[in-house]
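Given chain H, work out where chains B, R and E should sit, using these hints.
4 protein chains.
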Amino acid sequence: MSGNSFGTIFRITTFGESHGEALGLVIDGCPSGFALDLDAIQKEMDRRRPGGTKHGTSRNESDIIHVLSGLYEGRTTGSPIAMVLFNENQNSKDYGKLKDVFRPGHADFTYEKKWGIRDPRGGGRSSGRETSARVAAGAVAKQILSSRGVRIDAGVRAIGGIAAEGTDFVPPFSPPLFTVSSENDDRMLRMIEETRAEGDSLGGIVECRIRGLQAGIGEPCFDKLDALLAHAMLSIGAVKGIEFGLGFRAADVKGSVDNDQMDETGFLSNNAGGILGGISTGEEIVFRIAVKPTPSISREQRTVDRDNRPVELRIEGRHDPLIVVRILPVVEAMAALVVLDSMLVDEAERSLR
Amino acid sequence: MSGNSFGTIFRITTFGESHGEALGLVIDGCPSGFALDLDAIQKEMDRRRPGGTKHGTSRNESDIIHVLSGLYEGRTTGSPIAMVLFNENQNSKDYGKLKDVFRPGHADFTYEKKWGIRDPRGGGRSSGRETSARVAAGAVAKQILSSRGVRIDAGVRAIGGIAAEGTDFVPPFSPPLFTVSSENDDRMLRMIEETRAEGDSLGGIVECRIRGLQAGIGEPCFDKLDALLAHAMLSIGAVKGIEFGLGFRAADVKGSVDNDQMDETGFLSNNAGGILGGISTGEEIVFRIAVKPTPSISREQRTVDRDNRPVELRIEGRHDPLIVVRILPVVEAMAALVVLDSMLVDEAERSLR
Amino acid sequence: MSGNSFGTIFRITTFGESHGEALGLVIDGCPSGFALDLDAIQKEMDRRRPGGTKHGTSRNESDIIHVLSGLYEGRTTGSPIAMVLFNENQNSKDYGKLKDVFRPGHADFTYEKKWGIRDPRGGGRSSGRETSARVAAGAVAKQILSSRGVRIDAGVRAIGGIAAEGTDFVPPFSPPLFTVSSENDDRMLRMIEETRAEGDSLGGIVECRIRGLQAGIGEPCFDKLDALLAHAMLSIGAVKGIEFGLGFRAADVKGSVDNDQMDETGFLSNNAGGILGGISTGEEIVFRIAVKPTPSISREQRTVDRDNRPVELRIEGRHDPLIVVRILPVVEAMAALVVLDSMLVDEAERSLR
Amino acid sequence: MSGNSFGTIFRITTFGESHGEALGLVIDGCPSGFALDLDAIQKEMDRRRPGGTKHGTSRNESDIIHVLSGLYEGRTTGSPIAMVLFNENQNSKDYGKLKDVFRPGHADFTYEKKWGIRDPRGGGRSSGRETSARVAAGAVAKQILSSRGVRIDAGVRAIGGIAAEGTDFVPPFSPPLFTVSSENDDRMLRMIEETRAEGDSLGGIVECRIRGLQAGIGEPCFDKLDALLAHAMLSIGAVKGIEFGLGFRAADVKGSVDNDQMDETGFLSNNAGGILGGISTGEEIVFRIAVKPTPSISREQRTVDRDNRPVELRIEGRHDPLIVVRILPVVEAMAALVVLDSMLVDEAERSLR
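Chains as they are written, first to last, in the numbering used here: chain H, 11 to 363; chain B, 11 to 363; chain R, 11 to 363; chain E, 11 to 363.
Okay, chain H solo, but in the shape it has when bound (with noise of 0.2 Å):
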């Protein structure tokens, strides 16, 4: 109800703050007498670590997952599976300078109008800490996925209005920036340097496709399957906007250019982004995201204390420049878990026929 469950039939839940005890999450309705391979699980979290590119903060952060319930001798069992990661420095002093103030481009303002009680120690449950849990959920989805011939990646299309260039979306993409085509990944990385060395920070453009989903699945109306990952994605913290197919640029061009003719062979070009009327064609499922720079930047900035006070603020110590690489695990996780809940939706309603 306060939006903590996403999905209808693979539902997560999941729970924890930054410096709390522990982040978790729950997955209910997993399909029972799934061998799961916890190893890929901790892969996928490696990849959302700040230590797991070179460009993330040196941060210690204990991205360890264990498996609480809801498996017997490594296979689902089709009971609630529960995962925890602990935190390790939930008492840090870091964000005790910054107890009363509203630190710009982060939810501390709007959490204390909501809620008139804020854990000053962090981002609450918008802080992208909370993602690990996703990520976690996301890598059991993709493996029942992977299992049906499902794949789905993202890379990075632009850093801080540097383009990616080059022959593209040939996965696995390679680090540093896990660019959908690496030509311009030198000017990037000086960029990011540079904004590094400013102390300020930088976003950038996410691309995901999604590979071998069958033609059906999704539904019609108020839950179209682009409606579903729309949702996912702006669910992610420093998300500012969504594209499927041709996407913005479709609202330029002509109804001649933009529908997606057929032959025997099938479409003959893919600019729904692999989508009609909510339903998946069969085609690659392509989207876009809009992912803003990182509000944690030492460069000073005005803003106001909990009495409103003005505040000139500098938050110190090393922050990420750029969450744009980070963010991709979780990109895939959220649609992983909207395209495996559709499935199973899909299944329902096909059954008893």
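To be clear, the hints were calculated from the coordinates, so they are not data collected in a lab. Predicted, not measured: the structure shown is a model, and the values here were computed from it. Some clues are possibly wrong.
Identical copies look the same in the list; a pair holds intra-copy or inter-copy alike.
Result set (EDC-like, lysine to aspartate or glutamate): computed pairs, CA atoms no more than 20 Å apart in a straight line [what the hints assert, rightly or not]:
| no. | residue 1 | residue 2 |
| --- | --- | --- |
| 1 | 123 | 83 |
| 2 | 109 | 273 |
| 3 | 123 | 110 |
| 4 | 123 | 273 |
| 5 | 123 | 315 |
| 6 | 123 | 357 |
| 7 | 123 | 294 |
| 8 | 123 | 274 |
| 9 | 109 | 274 |
| 10 | 53 | 163 |
| 11 | 109 | 326 |
| 12 | 109 | 317 |
| 13 | 109 | 83 |
| 14 | 109 | 204 |
| 15 | 123 | 317 |
| 16 | 53 | 208 |
| 17 | 109 | 310 |
| 18 | 109 | 31 |
| 19 | 109 | 122 |
| 20 | 123 | 326 |
Only chains B, R and E this time, still in chain H's reference frame:
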């Protein structure tokens, strides 16, 4: 489950196809004792009507709302409010020819794949006609929101690549194009006429703003206010993308530019578009959506029939060369449903403190 | 949210009051391609109709089902199925006198407390009339279940303290009382006539059995199959209790008596009533419900009006001295909704293994 | 979906099996700013513990609650509250022998049918151990309810056919039997010892009363307050029936007896058990549930193994001869969850009027 309901407390369920006997909706969870203005609902219906503006089709759809339940002496009773709109031309022959052909850009192909059966008389639940029911429900929500000082307006930001220019966003906007600023209306109108003459269609950009919403509404995790709005907007048939505040441009700028700083008078900018961490800031909520060109065009297109035989298709009849104007009340309606429901959820959460 | 929907996959929403313009329902999630027998639905409606048996009231309610959506050439399309029943006497004067008085045993007082506004023309959403919509929805579910070999029957086990006796539960049961065995019908009929003459009313016990349901349907935790059936049955206005299998007698016996032992031919008894740990055993599901006497009686009763002034109330008009017979199709309908929905949920869970 | 969540606004999700690593729960939608008394939660846990009364088993389960999230300086923050209980004997050999045998009265057979895989170390999600998590969640709900003047008490009304007699229902009730009146405690205790000596078990009747709940809480249609309570109670493993107010006796009396008349001082009786039309009347809510005898008995029983071969089974070890006492905090917990959630839903509905 098949996704014909939307919302948590103020929850609507819609039903009906474009050529069945009737369309309709049920609102559950409407506050009781509210004096409903039925004329205001009908006016919203008329805005969505094809003949509502000069550039609509000449089809004669019936958009007269009949209230079946939930009111007593003009006031809501807390019981579900059901409304229906009876279809006139439910046995249309117009669609007979298209019975076995998948129209490009429509959901015909995906419907067939999903259900194995398809009512060939129209677009089923993916039809634009279904949005009538949403507009009726949204009109109820808008009245309640208005009584609480919340106002929602959508206007046209661009058509076919031509942007509205000039002083902007001072609603109500003017017919026939309802642009957010009217300096380029003439250019747009010429382009529309040319496109119509070519048997082609145009898309556009719609901007929506929500004013008067208090800070603190929304959820920080999966059901972020922007995530719910994205879900709502992408559930409208022709919408291919959404962005909030700076949107995709946020991906290009630095954190020091994107962050909305504050002083004792409030926020100094609104790049976030009125939402931080999924919760309203008290600033205007601003988002834009990309609307694809109408898929029904009279130019010849390649497609296949149900037996996968190639077909050269030319869709007869007069068709709207653009739906970007007719979509405005639908956008406002869906936004109103999200905002009102979020306010009611928030009330539940704030209670018993 | 206000609880006018029921089910997860096969999900119904009902609307309408006893004296509004119409009642109706929307079924979402009905399997597609099913040839629906509308006559069979109407027959179920007739079973619930006051004039359906000798002992019904003489009120002339309209119970003709109109299908508004979701069918094409007689088959379900996967789109929501909406049905309405138009009320005839929506401006009844009969209820005028009761406008400001709280009828004992009815929801008048609690409605007033909850919503602060009350449609005085009937029992609102707690009215028996609302169950018409349930019967229509249940009739759809029963047809689909029947095609899968699942049969649901309810019969009268007792009226006013007189138990049905003799060889029992061989449906279909016979009018006018539809007892599970008819040896005591004459005694019951005499008691009914005497009670009617006194202006009083009677309750009774209904037994329902579900046959042909495979083992393995249901959930082990909060949504146990018996929990869902209990929810469904207690949601019927006059029902005050439910028991499964041995029921309350299970509280009196020892484990060695209660436990259903097995041998290679299956279960050796069915004290559990066909459900263990919330999941069907494959045996008959058996439950009984307690139906209170009809609250509308013509004997003088003490009550208060909206201003809390004492009133001596005598409810005029002909009233059903018992609803235990008319409730049978409602019980079957609600059971059918639970069972079909559980089967569909189970299908989703079994898939992708 | 698999039904491991319960509630709408105050919504809990539980996880864990009796012999996995841990059990736990997540509460979503808890009001923020509430000072939670963790000791009081632990006391509720102890009531449910096998060693909590003389007649419990000697098994040493760990029932220590660990709070993982959702609190800051002892107060709820509005974030999900996660709690876990670590299992001690998760690799118990006791259950090894039962690995391939279906224990009578347990869910072993139905689990196998549903999921095709079964963790043989215990009762899975149908295990009594799962109710620990419910008690913890209910203890939170009870604290909030208590702060609003709502009190919930359950006591034993009968054991093995022996009814509690004497002045009754003046909580708190006394150990070891917690009967609603203690005159027959000695007889019950003798019967319990005899039954234990026989290797057999006993059931009983539990009565629960909810005091201090204002009139107007609940819904009139599918989610009647009694329907939700019935759902909650039948979701407890051993419960085979429920009745409200007069309950099954209401089926035997006439309307003039059953109807609760009113005068200016309020209701003159409470046969309805505090609920009319699904909505609270402001009177005490009263219901009784039938608890079957514990299925684990050491007497020889006939059953089959997974290959359907007949087995003579004798379950070793010390077993509780009755759970009717240990179930009391579970009953109160589930009632508290329903009532608090209903109050929060009601707040949402009452708002924006």
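Structure-based check of each hint:
1. 123 - 83: Close across copies (19 Å), not inside one copy (47 Å); limit 20 Å.
2. 109 - 273: Result: close only across copies, 17 Å inter versus 62 Å intra.
3. 123 - 110: Cα proximity of residue 123 and residue 110: one copy only (13 Å, versus 43 Å across).
4. 123 - 273: between (56 Å within a copy, 16 Å between copies)
5. 123 - 315: within (13 Å within a copy, 43 Å between copies)
6. 123 - 357: between (42 Å within a copy, 13 Å between copies)
7. 123 - 294: This pair counts as between: shortest inter-copy Cα distance 16 Å, intra-copy 42 Å.
8. 123 - 274: Answer is between: at 16 Å across copies they meet the 20 Å cutoff, but 57 Å inside does not.
9. 109 - 274: Only across copies: residue 109 and residue 274 sit 18 Å apart there, 63 Å inside one copy, limit 20 Å.
10. 53 - 163: For residue 53 and residue 163, only the intra-copy Cα distance (15 Å) is at most 20 Å; the inter-copy one is 46 Å.
11. 109 - 326: within (14 Å within a copy, 58 Å between copies)
12. 109 - 317: within (12 Å within a copy, 53 Å between copies)
13. 109 - 83: between (46 Å within a copy, 13 Å between copies)
14. 109 - 204: Result: close neither inside a copy nor across copies, 30 Å intra and 60 Å inter.
15. 123 - 317: within (12 Å within a copy, 41 Å between copies)
16. 53 - 208: neither (32 Å within a copy, 54 Å between copies)
17. 109 - 310: Result: close within a single copy only, 17 Å intra versus 64 Å inter.
18. 109 - 31: Classified as within; 19 Å inside a copy, 36 Å across copies.
19. 109 - 122: So residue 109 and residue 122 pass the 20 Å test inside one copy only (11 Å; across, 47 Å).
20. 123 - 326: neither (25 Å within a copy, 55 Å between copies)
Figure legend: structure checked against the earlier numbered hints; hints not met, in rising order: 14, 16 and 20.
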